[in-house]
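Participant: Chain order of the listed sequences is A and B. Take any residue in the first sequence, note its place counting from 1, add 155, and you have its number in the working numbering. Take any residue in the second sequence, note its place counting from 1, add 15, and you have its number in the working numbering.
None of these hints come from the bench; they were simulated from the model. Backbone N, C-alpha and C fix where the C-beta goes; we use that ideal spot for every residue, glycine too.
Stretches of chain A that chain B covers, calculated by requiring three or more beta carbons in the stretch to come under 8 angstroms of a beta carbon on chain B:
#1 173 to 182
#2 246 to 255
Below, a sample of chain A positions facing chain B; criterion: calculated Cβ distance under 10 angstroms:
#3 Met185
#4 Glu187
#5 Arg188
#6 Ala189
#7 Arg191
#8 Arg192
#9 Gly193
#10 Gly194
#11 Arg196
#12 Tyr199
#13 Pro205
#14 Pro207
#15 Ala362
Just the calculated beta-carbon pair ranges, DEER-fashion:
#16 A:Ser248 with B:Gln417: 39 to 45 angstroms
#17 B:Tyr425 with A:Val315: 40 to 46 angstroms
#18 B:Ala537 with A:Gly312: 29 to 35 angstroms
#19 B:Asp84 with A:Ser248: 32 to 38 angstroms
#20 B:Ala629 with A:Glu309: 55 to 61 angstroms
#21 A:Glu309 with B:Glu558: 40 to 46 angstroms
#22 B:Ser630 with A:Gly312: 52 to 58 angstroms
#23 B:Glu81 with A:Phe378: 47 to 53 angstroms
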Amino acid sequence: MPPEDQRRLRLRFSKFGKIRFTSHRDVARMWERALRRGGVRMAYSQGFAPHPLVSFGLALPTGCESMGEYLDLRLDPAEPGDTPVDELAPALSALLPDGIDVQAAALVEKGEGSLQQEVASCDWELEVLEVPGEELQERVEKILASPVLTVRRERKGRPVADDIRPAILALELTGAQGRLRAELATHPRGVRPADVLAALGTDKVPARACRTHQWIERDGTRFEPLPVEWPAGTAVAEQNARRALPHVRAGNQPDPRGSRPRGAWEQ
Amino acid sequence: MDSLWPQIERLLPGVSKPARYIGGEQGALCPEHGPGRVAWLLLYPDTYEIGLPNQGLQILYEILNERPDAVAERAYAPWVDMEAAMRAAGVPLFSVEQHLPAAAFDVLAFNLAAELVYTNVLNLIDLAGVPLHTGDRGPADALVLAGGHCAFNPEPLADFVDAFVMGDGEEVVGEINEVVAAWLAGDRGERLDLLRSLAGVEGVYVPALYTASYEDGRLVGTQPNDPAAPAEVTKRTVADLADWPYPARPLVPLTEVVHDRLNVEVFRGCTRGCRFCQAGMITRPVRERPAAQVRELVNRGLEWTGHDEVALTSLSTADFSGIEDTVRDIVDEPSHGGRVSVSLPSLRVDAFTVGTAAQIQKVRRTGLTFAPEGGTWRMRTVINKLITEEDLYGAVDAAFSQGWRRVKLYFLIGLPTERDEDVRGIAELGARCTEIGRRYHKSVTVVASVGGFVPKAHTPFQWFGQDTAAELERKVALLRAEARGAKGLTIRWHDPAASVAEGLASRGDRRTGAVIERVWRAGGTFQEWSERFDLGLWESALEAEGLSLSEVCHRERDQSEALPWDHISAGLHRDFLWGDWQDALAGAGVEDCRWTPCYDCGACTGFGVEHVVASAVPPAGGSQGTGQDLRQGDRIPVRLVGRAS
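Given the sequences, and given the hints that come with them, work out the whole structure.
Facilitator: Pasting the structure below:
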């Protein structure tokens, strides 16, 4: 365990658009570089190859988007303690690639568990456009009525059969065309949105998945590790509302002469 | 032209490592295309993770995008699964920045860093929707260019590439842009007019304007067939690297790539004179970047990228004047917070001083790599890699005593005059290195990595008859048997069959193009990937074309024979190369002309350029351990950095 004098900083960020095709490891590398560029004074591990003490929450599968990803980092004990936490979010967003935006930053109380331990379930929004609505409703009902739902997947190079039904806490159509909401448990064995999509019979076609919330449960109530409001009209909320065109970001016209336009996706 | 992203996006969930197709790197530019701007698609004919770090491509990318009359984007070879998905969906080759189709570009410019990628070049031209053969292209088709080290024998790709560029690209890329811009402004006249104009640019070779003649199935010469084409095309050389501090904003990828670090080129060219080394021959003379500019590029680059590792790159970085001071300045720089590590690829074995090792070690000890190349002193005199055993053991002792536990040694087998004792010598050297290591640590690893030698154009070994795959395999087996039982010593080797295919693409003449085309048509892409390489494809293609490996690869040439690259000049006199070949066979070494009188290889005198170095005296141990007298001569073409010249 790291020493108690290392304060822990928690950051919440979103991942939208083209960058959803980067992996969990890729995102970790982006963060390391951005934190170094931002001059955030991190604590480092001891030993042969010291590395910054950063821990990420549940891995987001490659190809999925998210409104709420998290990381915790340990601050250098020698750090003077005057890092203005409020200013970190916009400063780091500017240093991170397009599609990753920091929404909140806060110091974590001593004694709080790690993200991996604490997060019990996640909400997902799934989009299945090629199945007609009525049939989709039937498939959802069939899944919910099944006592057991076996999916075959690979673990440590071996094919295994897992029952994912207990981990599907909720599954419903939202009303928007092809849009579903799912709540999936993370313990004891997590279920991936791809498993649910496969169970819905859409594994071969491009379907979209977005993690909308991660939930911690304590004493019968559930809350997010760092809650944020999504004020209507902001770029990301807007985007989430119109996820049929999710890679569009507001205010990112290409620079006429190309001098590093931040947000210069082509649309 | 519209972005292909909506179509590409549908393919990505089904392919491996989709992040290599999304672009969005820090430093990526989305330039606005339009009239009056030549649109370049810079292509690296291998996967994104291999191609992205390529410095040559990044340099040209910045230089072109700074011009008001040019725009440049990048593309890489889609992996096999993505290519299949693209072809099935009718998606052509696209740029990673704005996902524009290749058809939106006026120029497709390939970086040729290795010969085995040639089938990928053909595949990318095809995926771009451009006719494969130069003769089938019309005014509306993109101009296909290629540059890089492999361009120095352009003939195997002569059927597919409209023009090759020899040597440093920084200056010539602008001249080419002007020629293309003028042709586009003139409403794309005859394609031949464009080719003729390009042939007038120094360093540009237009194969269609030359005819290769054969007698009795053997090349006898390559001559211009058009008055616009010079009899000999000579390479371009940037006189002073200080004029070109690029890349200034290196690309930082979103996903994992090879060499995932900041790279700063500290000098170009090398005059160590290793006879097997094409890079050392074709990039002469030595041009150092001023140390102050190196420091600035390092500091700015680390700040810009957020990397915590910088590689100081060159063909032999330990030869950089004042390398110890430069490394110390980087490691001690307060703004780096003591967290930056420096890596020095291609270390010289002899002069790797304990001081430099200790400085790098302060931060992080990566593995150390040395390249003695030959297993015995006799072998090393033949290849002019004049490292004594004492040099090697001294360097390895320094490494292990400084705390490293892993040392990698590079060797070549299949060298001219090689005997079995030279091969066995590799195991002896390796075993001895593990013994040295165990004086300091309980357990150490020494990896001897062995490659099959491939003779290259414009080197003293260009006349040599390459070993057959069977002979290389025999030598590998010999070496493995010899190394058996040596604790801590691991032998790794490259596929001998791949060395032979590389030899074919390296020294083949114009007729090799048909072979490459057959291999590509048979599905032979990504041939430099061991899991994809298939010698059978090459052998059957050779047979179908009436050519043979014994003729192209395994046959020793004599002095009078016409070579496929005789009309291309890297500045080196043919007589110099032949003399050096004879010296090699006689086991005679040659000194480094940075610090000794000129022996007139031709590289400086032919171009009116000279070595640019900060110190006219060799570094400690710089004699390569031969005890040669390296006193400064009086006819050295050396210009000192930072002084009036």
